[in-house]
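There are 2 protein chains.
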Amino acid sequence: MKRNTWQRQAVRDALGERPGFVSAQELHASLRESGSPIGLATVYRALADLAVEGDADSLQSDEGEALYRACASSRHHHHLICRSCGRTEEIEADDVEEWAAATAARHGYTEARHIIDVFGLCPACSAG
Amino acid sequence: MKRNTWQRQAVRDALGERPGFVSAQELHASLRESGSPIGLATVYRALADLAVEGDADSLQSDEGEALYRACASSRHHHHLICRSCGRTEEIEADDVEEWAAATAARHGYTEARHIIDVFGLCPACSAG
DNA sequence: CCCGCTATTGATAATCGTTGTCAAAAGCCT
DNA sequence: AGGCTTTTGACAACGATTATCAATAGCGGG
Chain A
557 MKRNTWQRQA VRDALGERPG FVSAQELHAS LRESGSPIGL ATVYRALADL AVEGDADSLQ
617 SDEGEALYRA CASSRHHHHL ICRSCGRTEE IEADDVEEWA AATAARHGYT EARHIIDVFG
677 LCPACSAG
Chain B
557 MKRNTWQRQA VRDALGERPG FVSAQELHAS LRESGSPIGL ATVYRALADL AVEGDADSLQ
617 SDEGEALYRA CASSRHHHHL ICRSCGRTEE IEADDVEEWA AATAARHGYT EARHIIDVFG
677 LCPACSAG
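Listed in order, the protein sequences are those of chains A and B.
For the first sequence, the residue numbers in this note's numbering are 557 to 684.
For the second sequence, the residue numbers in this note's numbering are 557 to 684.
Keep in mind that the hints are not guaranteed to be accurate.
To be verified - Pairwise CB distance ranges (calculated): (1) A:Arg662 to B:Gly684: 18 to 28 Å; (2) A:Glu648 to B:His632: 20 to 30 Å; (3) A:His663 to B:Ser630: 16 to 26 Å; (4) B:His632 to A:His632: 18 to 28 Å; (5) A:Ser590 to B:Pro593: 48 to 58 Å; (6) A:Asp569 to B:His633: 35 to 45 Å; (7) B:Pro593 to A:Asp605: 38 to 48 Å; (8) A:Gly572 to B:Ala607: 34 to 44 Å; (9) A:Asp605 to B:Arg631: 38 to 48 Å; (10) B:Glu589 to A:Arg669: 24 to 34 Å.
Claimed, not checked - Residues of chain A clear of chain B, computed beta-carbon distances all greater than 12 Å: (11) Gln563; (12) Ile594; (13) Ser630.
Source of the hints: derived by calculation from the structure; they are not laboratory data.
Note that the coordinates shown come from a computational prediction; the quantities given were computed from them, not determined experimentally.
Ideal Cβ positions, reconstructed from N, Cα and C, are used throughout, including at glycine.
Please take these sequences and the hints and turn them into a complete structure.
Right, dumping it as structure tokens:
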């Protein structure tokens, strides 16, 4: 059975307030600055749980850090991420889903999944 | 100036013999088993260099390990990767390139790049 | 062919993100 | 409130990667 602790809720809330992807370390620091005495290990565990439950998306940054983001829809989707400020848009693309599945099938691959993320500079950062 | 050492060549060769993505650690172990006294740090450096020069592709595994693969064409391309045995096919998809660029533009994002990788089970592993 | 300069190597230590440990604290049910 | 279990959190452990730095070995010139 899963218990409802203020720590899990705090992580959920803090993640929800962020517009883009954050690392566990960053989120932990942010929570501590807000006065929460939450532990680092707990943040890691909470984020891992959220990702498993489908309430958060995760990806590996180029530097090998795991990044998380609250995701609004539990439907399958991808991200358009600002590589300067981290802002993220959720995007859907049925065409691309089909392409991925078809490509895998054409090569005889089964059980296809994919990673598709687009990185750029958001309007604000493009202007700055 | 860049020097041509047998170590760099050994890494290049070892990488070329692999059908799929390998980690630096794995490649190092493999080289040592073959009798080479090459050092771990050197393998890391050689792989990083190859990636910068465009002679190898790199990606981050789900576990946060950096994986490398020799790439035949220096043209932009993506990968279809067997998640059981690591075998990899290089794939090109102009449609998807355009989609990524168009999607970024539609949201006002500039300087778009993307990560697109498809994972599945290759024919051999699907059968097994 | 040998010298010497400098890039490279490699053993080891250091770093960094992440996970395991385990006693103490807090949920949840009755 | 009581009791049973999950969760927490400080800390140690871990694994991948990078920095350190003296020893080594390309490579160009004489």
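* Using the Cβ atoms, figure out if Glu648 of chain A sits within 20 to 30 Å of His632 of chain B. => About 24 Å separates the Cβ atoms of Glu648 of chain A and His632 of chain B, which means 20 to 30 Å holds.
* May I ask you to test the hint 35 to 45 Å on the CB atoms belonging to Asp569 of chain A and His633 of chain B? => 41 Å, holds
* Asked: Within 18 to 28 Å or not, the Cβ separation of His632 of chain B and His632 of chain A?
  -> 25 Å, holds
* **C-beta pair Arg662 of chain A, Gly684 of chain B: status relative to the range 18 to 28 Å that was hinted** => 21 Å, holds
* Decide, holds or violated, for the assertion that all CB atoms of chain B are farther than 12 Å from the CB of Gln563 of chain A. => 24 Å, holds
* Asked: Do the Cβ positions of Ser590 of chain A and Pro593 of chain B conform to the proposed distance bound of 48 to 58 Å?
  -> Holds - the Cβ-Cβ distance for Ser590 of chain A and Pro593 of chain B, about 53 Å, lies within 48 to 58 Å.
* Asked: For Ser630 of chain A, is the shortest beta carbon distance to chain B beyond 12 Å?
  -> 20 Å, holds
* Go ahead and decide if the range 24 to 34 Å is satisfied by the Cβ distance of Glu589 of chain B to Arg669 of chain A. => 32 Å, holds
* **Whether the CB-CB distance between Asp605 of chain A and Arg631 of chain B falls inside 38 to 48 Å** => Because 41 Å falls inside the window, the suggested range holds.
* Non-interface claim for Ile594 of chain A: all C-beta distances to chain B beyond 12 Å? -> Answer for Ile594 of chain A: holds, closest chain B Cβ roughly 23 Å.
* Asked: Lying within 16 to 26 Å: is that true of the beta-carbon distance His663 of chain A to Ser630 of chain B?
  -> The hint (16 to 26 Å, Cβ to Cβ) holds, given that His663 of chain A and Ser630 of chain B are roughly 22 Å apart.
* To do: Determine whether the Cβ-Cβ distance between Gly572 of chain A and Ala607 of chain B falls within the hinted range of 34 to 44 Å.
  => 36 Å, holds
Violation of the numbered hints given earlier is absent; every hint is satisfied by the structure.
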